[in-house]
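Okay, here's what each chain looks like letter by letter:
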Amino acid sequence: MIDIVLIALTRFLVGGQAHWIASAPEMRQRIYFANHASHLDALLIWSALPRRLRASTHPIAAADYWGAGKVRRHIALNVLNAVLIDRSTQGPPGAALAPLRGVLAEGESLILFPEGTRGSERLPGPFKSGIYWLSQEFPDVELIPTYLDNPSRAFPKGTFLPVPISCTVRFGAPIALQTGEEKDNFLERARATVAALASDPVE
Amino acid sequence: MSLNDKLFVLFAGICGLLAVASVIGFALSRRVASESGRATVDNLNARIRAWWVMVAIFAVSFGLGRGVTVVLFALTSFYTLREFVSLTPTRAADHLPLVAAFYVLLPLQYWLIWIDWYALFTILIPVYGFLLLPSLAALKGDPEQFLLRVSRIQWGLMLTVYCISHAPALLTLDVPGRPREGFLLLFFLITVAQFSDVMQYVFGKLFGRTKVAPVVSPSKTVEGLLGGGLSAVAAGAALWWITPFTPLEAAAMALAIVAMGFLGGLALSAVKRSMGVKDWGTMISGHGGVLDRMDSLSFAAPVFFHLTRYFFT
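Residue numbers (the working numbering), protein chains in the order written: chain A, 1 to 203; chain B, 204 to 516.
The reader is advised that the hints may include incorrect statements.
[To be verified] Some but not every residue of chain B turned toward chain A, in silico, with C-beta under 8 Å:
| hint | residue |
| --- | --- |
| 1 | F281 |
| 2 | R285 |
| 3 | S289 |
| 4 | H298 |
| 5 | V302 |
Don't read these hints as lab results, they were simulated from the structure.
Yeah, the Cβ is synthetic: ideal placement off N, Cα and C, and Gly gets one too.
Given the sequences, and given the hints that come with them, work out the whole structure.
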């Protein structure tokens, strides 16, 4: 029930039309990785997916925003099926990835924002290495580059209320980690596939 | 005939016209052979199907009364403003003016129309919006292209909220001896404006040769304008019996609507060109965005409202 209201509200305010440019909405294990511009992003991708994919797809959300407050926490955990991660975790590199590994090990899909934080530019900034470690550990999971158009205008950093500006969600062709590919090369290549979707003409 | 009887006859007439259009569209789709002809006929049929939906929405909202009709137009303003702002390059510093536009000025304008506060709804956006938006934008302290940014939001609000809201404002007019007949005035305005658009499209496709404004709007032709405009004026004159106008006055009113509608279509085509797009959106299949269907109405509504208010109330 809440999910239908949430999707209706998203459609009403920001649209969030899905454009499957070079991949199809298939029932496969995937990591959708996208540019990150607003707190709407996880909701946008989640509501752009067909219902049957939504149930097995888990957005990664920052615990300091989505875990704060009862309502937000309930929506994140029980409606969006989100995995909350604590961005301030100290420890060995990759330690924060443990809950993500858990989801992938169960055969479910993820929505990931590899920049780690919200940007205000049209094109994504440098990617953090999490997506590299995950793709090395789970080579069979398809990596789908995803571009979100406009959420940085609809709900800019530092504001409390989104305004109605149409956003689109574009899904590109899957990429995979090549054998022997260097970490930095892979991260840059992944970033470039998302950036390339930014200039795709909307039809 | 009572008001409800008149509305029933009018909507039945529109359904009859649409039924004829659907039959023609079906016949054309069986006969067309060429690739480009196929695309035109498919677009035509998508347009006709969308018309059925739009007419149904209006018939239901008219039937449910003034409140629902005002809400329907408020939603129309909301979607057209959303389309306008989405294509306008706004910056993060415009957030506060946009919040005010969508969540304060838009509902306030329609609330003022609902409670029939004429003196305030005619100045809310031109005066108070004009003062409020730059003040809010300046608070954010981003001077980059300040005047341009503020003007764009003001312009979008004037067009999509202020102008369009003059259509449901017709429901507040009190024509002596004709209580509650604002619905008929609104029907007259919408029918003449949209019929003019449709007939300009039809005449343009059939006989269009001479372009009116080749750079701004390549699809507008002199033949389309004359044929479509005259048909709409004739249709307006034929509808005189639902209005407080004589047949001649109804024709003159229809002419004003057609002229403003044409100018609206032209001006908004220029805006679209400057933004590098063909349509305002994708919401109405075959037509484009909501604003693509409302462009002529937005220019015609305030003029028709004022002419009627000045001469007939």
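Results of checking the hints against the structure:
1. F281: holds (7 Å)
2. R285: holds (4 Å)
3. S289: holds (4 Å)
4. H298: Where the cut-off is 8 Å and the nearest Cβ of chain A is about 5 Å from H298(B), the hint holds.
5. V302: holds (6 Å)
Every hint, counting from the list given before, is met by this structure.
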